[in-house]
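Take a look at the letters that make up each chain.
2 protein chains.
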Amino acid sequence: MPEELIVPDRYCHVLKVKPFHIHTGALVVVLNDVDAKELGIFANDRVRITNNKKKLSVVAVADITHSENHDFIKENEIGVFSEVIKRLDLKENDLVEVCAVELPKSVEFIKKKLNNQVLTAEEINEIVKDLDENRLSSIEASAFVSAVYVNGFNLDETVAMTRALSRNGQKISMDLSPIVDKHSIGGINGRVTMIVVPIVAAAGLFIPKTSSRSITSAAGTADAMEVLANVSLNFNQIKKITQKVGGVIAWGGALDLAPVDDKIIKIEHPLSLDPQGQVIASVMAKKHSVGSQFVVVDLPIGPGLKVSDKEAAEEMAKLFVQVGKKIGVKVESVLTDGTKPTGKAFGPALEAKYVLEVLENKFFDNLAQKSCELSGVLLELAGKCKKGQGFEKAKEILQSGKALDKMKEIIKAQGGKIFKSEDVELGKFVFEVKSESEGEISNINGPLLTQIARVAGAPADKKAGVLLHVEEGDNIKKGDLLFQIFASNERKFDSAKKAAKASSIQLEKTIIERFV
Amino acid sequence: MPEELIVPDRYCHVLKVKPFHIHTGALVVVLNDVDAKELGIFANDRVRITNNKKKLSVVAVADITHSENHDFIKENEIGVFSEVIKRLDLKENDLVEVCAVELPKSVEFIKKKLNNQVLTAEEINEIVKDLDENRLSSIEASAFVSAVYVNGFNLDETVAMTRALSRNGQKISMDLSPIVDKHSIGGINGRVTMIVVPIVAAAGLFIPKTSSRSITSAAGTADAMEVLANVSLNFNQIKKITQKVGGVIAWGGALDLAPVDDKIIKIEHPLSLDPQGQVIASVMAKKHSVGSQFVVVDLPIGPGLKVSDKEAAEEMAKLFVQVGKKIGVKVESVLTDGTKPTGKAFGPALEAKYVLEVLENKFFDNLAQKSCELSGVLLELAGKCKKGQGFEKAKEILQSGKALDKMKEIIKAQGGKIFKSEDVELGKFVFEVKSESEGEISNINGPLLTQIARVAGAPADKKAGVLLHVEEGDNIKKGDLLFQIFASNERKFDSAKKAAKASSIQLEKTIIERFV
Chain A
1 MPEELIVPDR YCHVLKVKPF HIHTGALVVV LNDVDAKELG IFANDRVRIT NNKKKLSVVA
61 VADITHSENH DFIKENEIGV FSEVIKRLDL KENDLVEVCA VELPKSVEFI KKKLNNQVLT
121 AEEINEIVKD LDENRLSSIE ASAFVSAVYV NGFNLDETVA MTRALSRNGQ KISMDLSPIV
181 DKHSIGGING RVTMIVVPIV AAAGLFIPKT SSRSITSAAG TADAMEVLAN VSLNFNQIKK
241 ITQKVGGVIA WGGALDLAPV DDKIIKIEHP LSLDPQGQVI ASVMAKKHSV GSQFVVVDLP
301 IGPGLKVSDK EAAEEMAKLF VQVGKKIGVK VESVLTDGTK PTGKAFGPAL EAKYVLEVLE
361 NKFFDNLAQK SCELSGVLLE LAGKCKKGQG FEKAKEILQS GKALDKMKEI IKAQGGKIFK
421 SEDVELGKFV FEVKSESEGE ISNINGPLLT QIARVAGAPA DKKAGVLLHV EEGDNIKKGD
481 LLFQIFASNE RKFDSAKKAA KASSIQLEKT IIERFV
Chain B
1 MPEELIVPDR YCHVLKVKPF HIHTGALVVV LNDVDAKELG IFANDRVRIT NNKKKLSVVA
61 VADITHSENH DFIKENEIGV FSEVIKRLDL KENDLVEVCA VELPKSVEFI KKKLNNQVLT
121 AEEINEIVKD LDENRLSSIE ASAFVSAVYV NGFNLDETVA MTRALSRNGQ KISMDLSPIV
181 DKHSIGGING RVTMIVVPIV AAAGLFIPKT SSRSITSAAG TADAMEVLAN VSLNFNQIKK
241 ITQKVGGVIA WGGALDLAPV DDKIIKIEHP LSLDPQGQVI ASVMAKKHSV GSQFVVVDLP
301 IGPGLKVSDK EAAEEMAKLF VQVGKKIGVK VESVLTDGTK PTGKAFGPAL EAKYVLEVLE
361 NKFFDNLAQK SCELSGVLLE LAGKCKKGQG FEKAKEILQS GKALDKMKEI IKAQGGKIFK
421 SEDVELGKFV FEVKSESEGE ISNINGPLLT QIARVAGAPA DKKAGVLLHV EEGDNIKKGD
481 LLFQIFASNE RKFDSAKKAA KASSIQLEKT IIERFV
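Just so you know, the sequences run in chain order A and B.
Take 1 as the starting number for the first sequence in our numbering and just add one per residue.
Take 1 as the starting number for the second sequence in our numbering and just add one per residue.
Don't read these hints as lab results, they were simulated from the structure.
Be a bit skeptical, because a hint or two may be false.
[Claimed, not checked] Coverage of chain A stretches by chain B, computed from C-beta distances (three or more under 8 Å per stretch; other residues unrestricted):
1) 17–24
2) 110–122
3) 135–149
4) 213–223
5) 266–275
6) 396–409
7) 467–475
Because the structure is a prediction, the values reported are computed rather than measured.
Glycine included, each C-beta is placed from N, C-alpha and C at the ideal position.
Kindly produce the complete structure, drawing on both the sequences and the hints.
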């Protein structure tokens, strides 16, 4: 661009592009402090960057680097990251016009929430839209999350947030009815989903369930289901499989059901912020996006869980129902005991095998019990049985083998080939941890067993994990088998054995209450 | 690092360094989502990165990139930015050990403030320390600022914050007494500082004044003083000049008096957050760092200013005094009318020239009046005169020419060569804006004149700016001179003329109230 073409505008400069191929999650550029001063902008102000040749323009947050950082952005240069490079189709040394512009309106609405004022639906929409389009910096997004955490959302705001999150995401629309769903807020809930889905689908309900992978546990539902079948399904596949067999257990991560929610969760994470209104909007938006008509919300209560006391759980339970009513989804919330692990398996393959054993009616444990209870709520909500008879009906479907048959159909429809528990392969290295004393099993330390399973390689190594052989109340003698460690990789196996040994006293203490 | 040396730890990986020479203002690294999953970490979790060869280690915030972004961080790679590169002495393809670690404790304290609990001095120290060492992400830092904005600081917290900010910065210690200072909270206060400093120094007080450059105005005190002398002084120079002539007018930006405060201000900026406790701590920390014993705090009140109503100003005024008492600084707060510009100059050279004219007693306007009032407060505080006689004493020093003599000494000590107003050079391009109607000057639109001065090139071009020729209450006729525009660069001069023309109706409307 020749010098003559530079428009002498009071808040504009022409700068040379220095590209950095880094995804920052926001529209960000870096200016030298000399240029920033001439443009009259301060760190975190907005600039409009225009690629005049291509007639492309975008507003970005300006970060400012100081002249002493000689290696970085020099005078008359602008550092641009992947999001801006892509939007403006830029390459190194391109010239762009950079002008100071006003902050987006949503920043004003964030300030309004910080000032404890109620936001209108339009204002919430604007914030969600700007988050979606990466127009807010992490500073502004964090201020929003903090504001909602401190000052809260009322019912109308929660409903508006639910609608906004859902509107900004992808949707599945199916001409099926009734579509049901199940959601648990935190808690160690084993693989309830993998039992609920076949039960309710066997009863004629439609349940296109999307689940997450593990972050800190030994396996998420998507990890365990992936042992049996393909879980990376697109919208069309989810739709077709639901139409055909009534149920799906897919990984929700790649579906962009509520992409803004994923951004908000990322911000909430370091401070473990979980503003109630935001949690409800987040869950309900995703249910709304898959067209759910009836939803059971499971609120496990217990110390250290997302919901720690009964009063808070009851308030949240009621809000879920109210928000559901406003967006046309019938919700039943149930409070459950979240302190005990359900099932005895830790790790994808072990959990998948365990689920199949439940479906094969090898035993009826607390995992089966909870699964039938939640399935029962859905059967009642959708009118498949009278109120109070759901649990029995679910148990009947499970024990008759209909749930297992349905699970086989689902596995097949999702391209899987493992239909029997004995066909699930486990790690070839196996170590048995035995009791060093006698006593009564008083308390199972789930988090510690999870850690050992992770050291053994779970969830990345699907065949690794821990299988518990005792349950609370058992009386055991010295030398009795407490649990097994499975691994595929010898080094990780050794590490897991070491980890088990290092924590053996702690484990013995929590697993066994000795007679004295 | 050979494979055998890799310690098979449950939360550690060995990754290959991919350096990005970008200053992010925080200790940040980027991991591939596959590695993040194996490490069991989520976006914004912490990792310890160790360069085993050099025995260097640092904890950083992990950002996570998704596999679809192929151009960026691949499996087994770690993206590191300037701050981490420097701390670990890394180069491309170095191998580092990366382990998941807990969040720093300060994150817990930020959460505590979000929960509206009072922080202890130790907790505030920890937050400030972690901000100083770039250990907090922008998300966490923003949550802290938001929390303080919403839930506030009590007196003890404000004092603790003041001490923590000051402790983390550089200090000047001088064996001089009494050391005084002056601070204005926002407002359009012209160049009061450049008149107060020579007046109080001439009275025998010591005033090592540090000032800022302009961000959005036509000139900051440092910009205007730089027309006359060198303002980029180090601690030693400030100390020596204060000892020698009693006063200094330096640029504070490079001194790191309260570096954490600068980081906090950067975060407050986009949302214009100015939590009262934080503002007070910020000001008092800097005064404490230069050893001030007596401080006058000027609180300009007016719509659109930092302090908009009298009640809030009074509360703030009292808090300044109380915090001062706790840290051993005697403070007097004064409320002033912040709605009118003081002086008629907009732009570094014009303002420097104007200040010299005041000191030369060419006129005694509202800038001189306010400067004598604030100087008077300092003279009274430091016991240089009786209460109630400060203003008269200051005026006497100004009108006797002693303030001018002192200013010449200061300019000389700071290496300057311009001592007379007529020696200040202005831009060679001059344009006169004349009235297009007759009327009475009812209101001077300072922000609009500032904008025109900036279009003309101020503050980067020191000789550019606007000089007003009328004041409120003047009766003018059509064709009377309203103001002059000065510029050094012809293109900018043309732009400024255009800008003046484009806004002439708006200017006429606000500058002149027509007779009807």
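Self-check item: Whether chain B covers the segment 135–149 of chain A (at least 3 residues having a Cβ closer than 8 Å to its Cβ atoms)
Solution: holds (count 11)
Practice problem: Take the segment 396–409 of chain A, compare each residue's beta carbon with every beta carbon of chain B, and decide whether three or more fall closer than 8 Å. | Solution: This one is violated; 0 residues, fewer than the three required, reach chain B with a Cβ under 8 Å.
Self-check item: Whether chain B covers the segment 17–24 of chain A (at least 3 residues having a Cβ closer than 8 Å to its Cβ atoms)
Solution: Coverage by chain B holds here, the residue count being 4 at a Cβ distance below 8 Å.
Quiz item: Are there three or more residues in the segment 266–275 of chain A whose C-beta lies closer than 8 Å to some C-beta of chain B?
Solution: holds (count 7)
Quiz item: Taking 8 Å as the C-beta cutoff, is the stated coverage of the segment 467–475 of chain A by chain B satisfied by three or more residues?
Solution: violated (count 0)
Quiz item: Okay, the segment 110–122 of chain A and chain B, do three or more residues pass the C-beta test at under 8 Å?
Solution: holds (count 4)
Quiz item: Are at least 3 residues of the segment 213–223 of chain A within less than 8 Å of chain B when you compare beta carbons?
Solution: With 4 residues close enough to chain B, the hint holds.
Checked against the numbered hints given earlier, the structure breaks hints 6 and 7 and satisfies all the rest.
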